[in-house]
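Chains C and Z, in that order, give the protein sequences. Going by my numbering, the first residue of the first sequence is number 1, and it counts up by one from there. Going by my numbering, the first residue of the second sequence is number 1, and it counts up by one from there.
Since the hints were made in silico from the structure, they are not lab data. On a predicted model such as this, the values are computed, not experimentally measured, just so you know. Keep in mind that a hint or two might mislead.
Stated by the list, open to error - Here are the simulated lysine-lysine pairs, DSBU-like style, with alpha carbons at most 35 Å apart:
| hint | chain 1 | residue 1 | chain 2 | residue 2 |
| --- | --- | --- | --- | --- |
| 1 | C | Lys489 | Z | Lys150 |
| 2 | Z | Lys98 | Z | Lys61 |
| 3 | Z | Lys146 | C | Lys581 |
| 4 | C | Lys143 | Z | Lys150 |
| 5 | C | Lys138 | Z | Lys13 |
| 6 | Z | Lys30 | Z | Lys98 |
| 7 | Z | Lys98 | C | Lys138 |
| 8 | C | Lys581 | Z | Lys27 |
| 9 | C | Lys547 | Z | Lys98 |
| 10 | C | Lys180 | Z | Lys115 |
| 11 | Z | Lys30 | Z | Lys102 |
Unchecked claim - Some chain Z residues near chain C, calculated using beta-carbon distances under 7 Å:
| hint | residue |
| --- | --- |
| 12 | Phe45 |
| 13 | His47 |
| 14 | Ala65 |
| 15 | Lys66 |
A virtual CB, placed ideally from N, CA and C, is assigned to each residue, including glycine.
Each chain, written out:
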Amino acid sequence: MKLIEKMITCNINGLKVDVEKGTTILQAAEKVGIHIPTLCHLDLHDIGIANQSANCRVCMVEDEARGALVPSCAELVSEGMKIQTDSMKAVMGRRTSLELLLSNHPQDCLTCVKNLDCELQSLAHEMNIKEIRYHGEKMSHPKDLTSKGIMKDSNKCIMCRRCVTMCDEVQTVGILSPLKRGFDVVVATAFHLDLGETSCTYCGQCVSVCPTAALAEMNDTPKIWRALNNKEKHVIVQVAPAVRVAIGEEFGYKAGEIKTGQVVSALKRLGFDSVFDTNFGADLTIIEEATELVHRIEQGGTLPMLTSCCPAWVQFIEHQFPELLDIPSSCKSPQQMVGALSKSYYAEKHGIDPKDIVMVSVMPCVAKKAEAAREELNKDGLADVDYVMTTREFSRMIKEAAIDFKKLPESPFDILLGEATGAAAIFGTTGGVIEAATRTAYEMITGKELKEVDFKQMRGFEGVREATVKIGDMSLKIGIAHELGNARKLLEAIRDGRNHFDVIEIMACPGGCIGGGGQPYHHGDINVLKKRQKALYDLDKSLPKRKSHENEMVLKLYDDFLTKPGSSKAHELLHTTYSAKQRI
Amino acid sequence: MRKEILDISQLDKSLLHELDAYIDSLKGDKQEQLIHVLHRAQELFGHLPYNVQLYVAHALKLSGAKVNGVVTFYSFFNEEPTGKYTISVCMGTACFVKGADKVLERILKLTKTKKNEMSEDGLFTIKDVRCIGACGLAPIVTVNDKVYGKVKVNEVDGILEKYRGDHHEN
Numbered sequence: 001m002k003l004i005e006k007m008i009t010c011n012i013n014g015l016k017v018d019v020e021k022g023t024t025i026l027q028a029a030e031k032v033g034i035h036i037p038t039l040c041h042l043d044l045h046d047i048g049i050a051n052q053s054a055n056c057r058v059c060m061v062e063d064e065a066r067g068a069l070v071p072s073c074a075e076l077v078s079e080g081m082k083i084q085t086d087s088m089k090a091v092m093g094r095r096t097s098l099e100l101l102l103s104n105h106p107q108d109c110l111t112c113v114k115n116l117d118c119e120l121q122s123l124a125h126e127m128n129i130k131e132i133r134y135h136g137e138k139m140s141h142p143k144d145l146t147s148k149g150i151m152k153d154s155n156k157c158i159m160c161r162r163c164v165t166m167c168d169e170v171q172t173v174g175i176l177s178p179l180k181r182g183f184d185v186v187v188a189t190a191f192h193l194d195l196g197e198t199s200c201t202y203c204g205q206c207v208s209v210c211p212t213a214a215l216a217e218m219n220d221t222p223k224i225w226r227a228l229n230n231k232e233k234h235v236i237v238q239v240a241p242a243v244r245v246a247i248g249e250e251f252g253y254k255a256g257e258i259k260t261g262q263v264v265s266a267l268k269r270l271g272f273d274s275v276f277d278t279n280f281g282a283d284l285t286i287i288e289e290a291t292e293l294v295h296r297i298e299q300g301g302t303l304p305m306l307t308s309c310c311p312a313w314v315q316f317i318e319h320q321f322p323e324l325l326d327i328p329s330s331c332k333s334p335q336q337m338v339g340a341l342s343k344s345y346y347a348e349k350h351g352i353d354p355k356d357i358v359m360v361s362v363m364p365c366v367a368k369k370a371e372a373a374r375e376e377l378n379k380d381g382l383a384d385v386d387y388v389m390t391t392r393e394f395s396r397m398i399k400e401a402a403i404d405f406k407k408l409p410e411s412p413f414d415i416l417l418g419e420a421t422g423a424a425a426i427f428g429t430t431g432g433v434i435e436a437a438t439r440t441a442y443e444m445i446t447g448k449e450l451k452e453v454d455f456k457q458m459r460g461f462e463g464v465r466e467a468t469v470k471i472g473d474m475s476l477k478i479g480i481a482h483e484l485g486n487a488r489k490l491l492e493a494i495r496d497g498r499n500h501f502d503v504i505e506i507m508a509c510p511g512g513c514i515g516g517g518g519q520p521y522h523h524g525d526i527n528v529l530k531k532r533q534k535a536l537y538d539l540d541k542s543l544p545k546r547k548s549h550e551n552e553m554v555l556k557l558y559d560d561f562l563t564k565p566g567s568s569k570a571h572e573l574l575h576t577t578y579s580a581k582q583r584i
Numbered sequence: 001m002r003k004e005i006l007d008i009s010q011l012d013k014s015l016l017h018e019l020d021a022y023i024d025s026l027k028g029d030k031q032e033q034l035i036h037v038l039h040r041a042q043e044l045f046g047h048l049p050y051n052v053q054l055y056v057a058h059a060l061k062l063s064g065a066k067v068n069g070v071v072t073f074y075s076f077f078n079e080e081p082t083g084k085y086t087i088s089v090c091m092g093t094a095c096f097v098k099g100a101d102k103v104l105e106r107i108l109k110l111t112k113t114k115k116n117e118m119s120e121d122g123l124f125t126i127k128d129v130r131c132i133g134a135c136g137l138a139p140i141v142t143v144n145d146k147v148y149g150k151v152k153v154n155e156v157d158g159i160l161e162k163y164r165g166d167h168h169e170n
């Protein structure tokens, strides 16, 4: 009986629709295959966010009884409701809303970074808008190009508030808010500070959900082109794990196809002198991090130990939890390790002056740009990493160079810093770093071989996960969080003594690096991230070696150069420090 | 550039103490009472400079952007210092048709100032405000808490002189 009471019946375009109470018109229409255009609306229910600000008015439909237009994304269905989505009134209402938005939007689509990947542009096309009839005052805000990670062009903002919802509610960083009112409204930082002066983590999730080019990554490709064309420079590139399972999407492949070999070929054709694998750095990170963990456990050091590979997360803890800075691992991220070693170990072996090396990274991440610029990682004027490009920027370089990605052969990474295990592959997904670390810590602590390397309890997409692993006679309590709001919950529980963990993995983006702010746009489809995640686990499974400490090139690195894990040389090159920052 | 204007340690300790006491006295969800807290802060500090806004944000565990969003939304809140007397001219429909714009123009001319800026002598800040809900008295001018109804352009000089006089006596 109860179930029936909860159901209501409405009518959309003459079709009878039974839906649960609390369903929006948009959801009801989807149920019977009726498409209603939307713009500000963003429903990422898998990660618990819905932007339902109903302020773009692009999804208006006609409610027959009232004879009025209502926003279908926010208006709930009521019993007996009759909706027309394709009446003249509804169609023209939506058109007018869009035209009004366009009347205050720059018309530089041809040269816009979002050209052919813009939701506003697609809608103008879908709604067959060939002329903008309204003319009036246009916004004129200065572009913010001050930060290392994110570019903000408020003139392209359509006030959808997706970025605000993402930054404030999902990431709980709260950098952006609508300021002022009426025509003067602008989504901005507190006091119009430059992004670089705020507590922005550069996670780039605002960029991931921005329907236009109001928010985008800083474009570093011109600097990379210049380096590639400078004969004096030895230009090295490294590729992060999550890039290879997402780049295909930019070239028409389905989400989750593994394109490692093509990525290497593309980089060679672009002219890089050596192509290294950030996964090598990941294996190395695991060994250094597991060594640090074992040391902390045995010597009674600070627990939990937090992973430190995610730069947005590091930025977050420095600004939001400065009292907890003794818990992150001192390990640099894999990107920085590969950079530091390219300019020391590799340079030494090949007799190249480190000053002549330009280190470039291809990352799924916007925050990696800011990480590379950190003071701590730019000692004596020598940066571990010089330039970082996102997966998207990389795809643009490939297109710019007229390389046919689909026809590229597969090539292997270059030696010295090119070998990687399955443990490193899963660095790109939430739960992956800690699973990789557990595989190594287990054998380090017990001295026995770990037979079953899959730790299923650490996998998944839930925001906060816990797992307990028996290692010898100790139980290792593990916490995992992705998205910064979930990280905050975990950190507050630790700070207030409500929960105890031995080790915690945190990644700032939904799903981890696979959902990074620099990845091909998912356009609201979280399944894309799940497919990329699966691809990383498949990649892990396909590799002959699945434990970081079995990486022979990493072992050789220790023999030839670093002596042993946690040595003073390893500390000098592979570890870093953190400092408290003001929260703004 | 921004370090100084965001520096909370520059703020008057005793005023902050009073603000803290006010925040402590609030019952229920304190974040929901942001506007009350901002009112109190403006009473104490005269206006809401960035560091005061940031202080309120930290005290209520809100983001600086959110607090700044509220402050810049409501015309009652001032980010800049205001004169000893805030003169508000109602620009609601009734006041407007009764010539509020002329009244405002006269006030700006006599005080040699622009809207929302403080006069050079630090006496006046002039604002145009939305309907204040006393249309029967249109056009309306308020000076701090004092209300002047049915104001004629030629009465403006006298009103301003009164406050200039009060100021000299002090």
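Evaluated hints:
no. : hint                  : verdict
1   : Lys489(C) - Lys150(Z) : 58 Å, violated
2   : Lys98(Z) - Lys61(Z)   : 46 Å, violated
3   : Lys146(Z) - Lys581(C) : 46 Å, violated
4   : Lys143(C) - Lys150(Z) : 46 Å, violated
5   : Lys138(C) - Lys13(Z)  : 44 Å, violated
6   : Lys30(Z) - Lys98(Z)   : 42 Å, violated
7   : Lys98(Z) - Lys138(C)  : 32 Å, holds
8   : Lys581(C) - Lys27(Z)  : 31 Å, holds
9   : Lys547(C) - Lys98(Z)  : 82 Å, violated
10  : Lys180(C) - Lys115(Z) : 16 Å, holds
11  : Lys30(Z) - Lys102(Z)  : 43 Å, violated
12  : Phe45                 : 16 Å, violated
13  : His47                 : 14 Å, violated
14  : Ala65                 : 4 Å, holds
15  : Lys66                 : 5 Å, holds
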